[in-house]
Amino acid sequence: MLKAVILIGGPQKGTRFRPLSFEVPKPLFPVAGVPMIQHHIEACAQVPGMQEILLIGFYQPDEPLTQFLEAAQQEFNLPVRYLQEFAPLGTGGGLYHFRDQILAGSPEAFFVLNADVCSDFPLSAMLEAHRRQCHPFLLLGTTANRTQSLNYGCIVENPQTHEVLHYVEKPSTFISDIINCGIYLFSPEALKPLRDVFQRNQQDGQLEDSPGLWPGAGTIRLEQDVFSALAGQGQIYVHLTDGIWSQIKSAGSALYASRLYLSRYQDTHPERLAKHTPGGPRIRGNVYIHPTAKVAPSAVLGPNVSIGKGVTVGEGVRLRESIVLHGATLQEHTCVLHSIVGWGSTVGRWARVEGTPNDPNPNDPRARMDSESLFKDGKLLPAITILGCRVRIPAEVLILNSIVLPHKELSRSFTNQIIL
Amino acid sequence: MNALILVGGYGTRLRPLTLTTPKPLINFCNKPILEHQIYHLANCGVQNIILAIAYKPSDITGFVKKLEQKYNVNIIFSIEEEPLGTGGPIKLAEHILNQYENFFVFNSDIICAFPLLEMMEFHKENNSTLTMLVKEVEDPRAFGVVITEDKKIIKFEEKPKNPKSSLINAGIYIFNKKILDYIPKEYCSLEKEIFPKVAEDKMLYFFKLTKFWADIGKPLDFLKGQALYLEDLNEKVEEKDEKAFSDRLLIRNSIVNEKDGIGTVTERSTSISDTNTNLSNIKNLFVSFKTLEELKTFDKDKDMFFKQLLIHTEIQGNVLISSKTIIKKNCVLGDNVVLGDNVIIGEGCRIKNSCVMNNSVISSYAYIENSIIGSKSRVGNWSRIEGMCVLGENVILKPELFVNNAIILPFKEVSNSIYDRGTIIM
Numbered sequence: 000m001l002k003a004v005i006l007i008g009g010p011q012k013g014t015r016f017r018p019l020s021f022e023v024p025k026p027l028f029p030v031a032g033v034p035m036i037q038h039h040i041e042a043c044a045q046v047p048g049m050q051e052i053l054l055i056g057f058y059q060p061d062e063p064l065t066q067f068l069e070a071a072q073q074e075f076n077l078p079v080r081y082l083q084e085f086a087p088l089g090t091g092g093g094l095y096h097f098r099d100q101i102l103a104g105s106p107e108a109f110f111v112l113n114a115d116v117c118s119d120f121p122l123s124a125m126l127e128a129h130r131r132q133c134h135p136f137l138l139l140g141t142t143a144n145r146t147q148s149l150n151y152g153c154i155v156e157n158p159q160t161h162e163v164l165h166y167v168e169k170p171s172t173f174i175s176d177i178i179n180c181g182i183y184l185f186s187p188e189a190l191k192p193l194r195d196v197f198q199r200n201q202q203d204g205q206l207e208d209s210p211g212l213w214p215g216a217g218t219i220r221l222e223q224d225v226f227s228a229l230a231g232q233g234q235i236y237v238h239l240t241d242g243i244w245s246q247i248k249s250a251g252s253a254l255y256a257s258r259l260y261l262s263r264y265q266d267t268h269p270e271r272l273a274k275h276t277p278g279g280p281r282i283r284g285n286v287y288i289h290p291t292a293k294v295a296p297s298a299v300l301g302p303n304v305s306i307g308k309g310v311t312v313g314e315g316v317r318l319r320e321s322i323v324l325h326g327a328t329l330q331e332h333t334c335v336l337h338s339i340v341g342w343g344s345t346v347g348r349w350a351r352v353e354g355t356p357n358d359p360n361p362n363d364p365r366a367r368m369d370s371e372s373l374f375k376d377g378k379l380l381p382a383i384t385i386l387g388c389r390v391r392i393p394a395e396v397l398i399l400n401s402i403v404l405p406h407k408e409l410s411r412s413f414t415n416q417i418i419l
Numbered sequence: 000m001n002a003l004i005l006v007g008g009y010g011t012r013l014r015p016l017t018l019t020t021p022k023p024l025i026n027f028c029n030k031p032i033l034e035h036q037i038y039h040l041a042n043c044g045v046q047n048i049i050l051a052i053a054y055k056p057s058d059i060t061g062f063v064k065k066l067e068q069k070y071n072v073n074i075i076f077s078i079e080e081e082p083l084g085t086g087g088p089i090k091l092a093e094h095i096l097n098q099y100e101n102f103f104v105f106n107s108d109i110i111c112a113f114p115l116l117e118m119m120e121f122h123k124e125n126n127s128t129l130t131m132l133v134k135e136v137e138d139p140r141a142f143g144v145v146i147t148e149d150k151k152i153i154k155f156e157e158k159p160k161n162p163k164s165s166l167i168n169a170g171i172y173i174f175n176k177k178i179l180d181y182i183p184k185e186y187c188s189l190e191k192e193i194f195p196k197v198a199e200d201k202m203l204y205f206f207k208l209t210k211f212w213a214d215i216g217k218p219l220d221f222l223k224g225q226a227l228y229l230e231d232l233n234e235k236v237e238e239k240d241e242k243a244f245s246d247r248l249l250i251r252n253s254i255v256n257e258k259d260g261i262g263t264v265t266e267r268s269t270s271i272s273d274t275n276t277n278l279s280n281i282k283n284l285f286v287s288f289k290t291l292e293e294l295k296t297f298d299k300d301k302d303m304f305f306k307q308l309l310i311h312t313e314i315q316g317n318v319l320i321s322s323k324t325i326i327k328k329n330c331v332l333g334d335n336v337v338l339g340d341n342v343i344i345g346e347g348c349r350i351k352n353s354c355v356m357n358n359s360v361i362s363s364y365a366y367i368e369n370s371i372i373g374s375k376s377r378v379g380n381w382s383r384i385e386g387m388c389v390l391g392e393n394v395i396l397k398p399e400l401f402v403n404n405a406i407i408l409p410f411k412e413v414s415n416s417i418y419d420r421g422t423i424i425m
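Chains as they are written, first to last, in numbering that gives the first Met the number 0: chain R, 0 to 419; chain X, 0 to 425.
What the hints contain is simulated information worked out from the structure, not anything from laboratory work.
Where hints are given, some of them may not hold.
Said to hold, decoys possible - In the BS3-like style, the derived pairs of lysine-lysine whose C-alpha atoms are separated by at most 27 Å in a straight line are: (1) X/K375 <-> R/K169; (2) X/K217 <-> R/K378; (3) X/K150 <-> R/K378; (4) X/K295 <-> X/K235; (5) X/K30 <-> X/K411; (6) R/K308 <-> X/K55; (7) X/K411 <-> R/K375; (8) X/K323 <-> X/K201; (9) X/K196 <-> X/K30; (10) X/K375 <-> R/K248; (11) X/K184 <-> X/K158; (12) R/K248 <-> X/K411; (13) X/K301 <-> X/K289; (14) X/K123 <-> X/K65; (15) X/K217 <-> R/K375; (16) X/K411 <-> R/K378; (17) X/K201 <-> X/K150; (18) R/K293 <-> R/K169; (19) X/K201 <-> R/K169.
Next comes chain R alone, as it looks inside the complex (with noise of 0.2 Å):
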């Protein structure tokens, strides 16, 4: 039998989410219409075995957590519970610590994935891969070009045994194109590792410096501690993928990562696909409507857009490449374009709200997110529209390239700026 671990973080982490993880943890955040990690429950649920679904984090169990607990229990008919790391334990820590309940009924091996990833987890192909060859570690990875990824952690394989030679996170001078999708199947032997680094990590101790700027006992960085530390003595392979792939650190990626969902949305989930139906808005490419959002007929939606529940969209909108959250209000003729609207925002009439993507190169088939800094010599880099919870845009106004705090209302027009 089988079990799957997604590592879902807490409040501290995902900083660069803002202002969306100040209403909603970051894992929970609708990708293509869903929670982002309800793309993962969906995909581990599949696999032939799988028992049980653990979700460890450090956030506190309030109730956007617990009501989407409950809910993935009953859609997927599998047990999903939450364990809660009583301080941030790194990225290995969590597994360290709750090794018991993962490895409580003996399964054959256990998945670990990040929360903040978009993919779409071959986890049958790497069971068999791992299966033909059972090693404590193996890794999902995928290619990016040169410089891209120098941001990612990078991995040198044997090309024949696919073997990890060597892992290093973020390096400064390009070592590989093989990047690490955070995407994981281990085998149970995997925690003698993690015990060993766990006591080395104990007896080193804290720095004298100042706590908080070194790892403290009980924290295991997976990338560094685990990965860097044991490549190259045959514990460590790599499963290389070539299927849609991206990370989740930031309200651009999360579009983007929408777009990738949705279009894969055609093969795994057409019902969650609109169509133009006589009476309904127009629809290009990709959309997902949630069934009690209401879209006036004029609408032109798509592609790639995302309406949450109980949404208005008022007569003659425009929307593209945007996601509109829940309860949000798009007035009439206004004009949304790669950007994503807050909870409860509104969007008066003939406003346009838009953004500037930095998607990957469509037409390099290796290219990722690149490294999301938002400013660059004092400006801000142009990048998606976002509102936050509750934001209130009057009409006619444009609101290009800017972030907008939560329950802010706007009075004019905005460009390129942080509006706190």
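Fit chain X to the known structure of chain R by using the hints.
Leaving out everything else, chain X in the frame of chain R:
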């Protein structure tokens, strides 16, 4: 008499501080903003205070209960379900406000000398329907400007480009309950709808504030207000104002520069007026306390405390610390510096025109100027923070960084310098 404080919404102008703390609870000179206003209202006999807020108050109910006990007042929440502007909330609470003939209305961002008793006397003497506190300022263009004739306001202009007067609306009012009839039960703006009408009907009086005034709704104004507040404390040199200190739970230690340039530590403010000293020669170290008991206990050993501290710490101008602040040696603090509870200042730090909020740690040899450091933050060794920076709660700056005119949101860990002005770190 009753009062209403327009607390309003999310305090977005004071972000990033208000991202993690509701504005009424943000400390200004070591006391929550709301407490400053409640203190003055309670002092002039106000029994019932209504907080008009636009969000669920669950974050502040505990704190408000403590204020009720401390100042022996009733504090009532009046929650706006939908936006009512600055006037609507007053109508919403009318059943309490019309209990007495007159009531106070405060804008929640105002810290000033609060001449409430004098204002009340003036209001009653003149049988005024609406008395507005006004203040003379240098640049009135960002405010509500009033044009006066005799004792009344004849015209009211909101944020004029070409102001015809330098008197502005100071955000403190006394309403006669008759005004409740003017206000509709819906969204209504005092500044745009009510005041111009009452001015036209020649029923709007003004009371001029001669002492300090500050609107601390934005970080820059917050620090300016801090300087004015501390300067006002400095000026309280008459005997009766000793009570003003213990009332506010402050102990003052003044250092006077005598003519021959040798500094002398004096304990009592009376001796300052005795020697006819120029106020600008005085350096003040104020210490704030949470309770009268703490103050009295400290009072017994205060000479020792000040002596030990001032051996290796240089104070310039006005500095306010908490009784629980720890300052290591060789620091130079001031002018206009406030350090909160449990703040630790490492060796050799230079802090000026800034505020460091509770539970933060400033590591050694740091230089902080014109900035606000949010609570629970950690600033690394040899940091240089300048140019109006605002750090939210729990921000970690690694050592040896230069941060210039940046706003850093809560819980960020910053490892690189920020050289370019106007950066917002999310």
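Going through the hints against the structure:
1. X/K375 <-> R/K169: violated, 30 Å
2. X/K217 <-> R/K378: holds, 22 Å
3. X/K150 <-> R/K378: Roughly 50 Å separates the two Cα atoms, so the pair is violated.
4. X/K295 <-> X/K235: holds, 20 Å
5. X/K30 <-> X/K411: Judged against 27 Å, a Cα distance of about 26 Å means the pair holds.
6. R/K308 <-> X/K55: Since the Cα atoms of R/K308 and X/K55 sit roughly 24 Å apart, the hinted pair holds (cutoff 27 Å).
7. X/K411 <-> R/K375: Given pair X/K411, R/K375 holds - Cα atoms ~18 Å apart, limit 27 Å.
8. X/K323 <-> X/K201: violated, 52 Å
9. X/K196 <-> X/K30: Violated. X/K196 to X/K30 sits at ~37 Å, over the 27 Å cutoff.
10. X/K375 <-> R/K248: holds, 26 Å
11. X/K184 <-> X/K158: Holds. X/K184 to X/K158 sits at ~26 Å (cutoff 27 Å).
12. R/K248 <-> X/K411: holds, 15 Å
13. X/K301 <-> X/K289: holds, 16 Å
14. X/K123 <-> X/K65: Not satisfied, since the Cα-Cα distance of roughly 32 Å exceeds 27 Å.
15. X/K217 <-> R/K375: Distance of about 26 Å is within 27 Å: holds.
16. X/K411 <-> R/K378: At roughly 20 Å apart (the allowed maximum being 27 Å), R/K378 and X/K411 satisfy the hint.
17. X/K201 <-> X/K150: holds, 10 Å
18. R/K293 <-> R/K169: It is violated: about 45 Å lies between the C-alpha atoms, which goes past 27 Å.
19. X/K201 <-> R/K169: Violated: X/K201 and R/K169 sit about 71 Å apart, past 27 Å.
The structure is inconsistent with the numbered hints 1, 3, 8, 9, 14, 18 and 19, although it conforms to all the rest.
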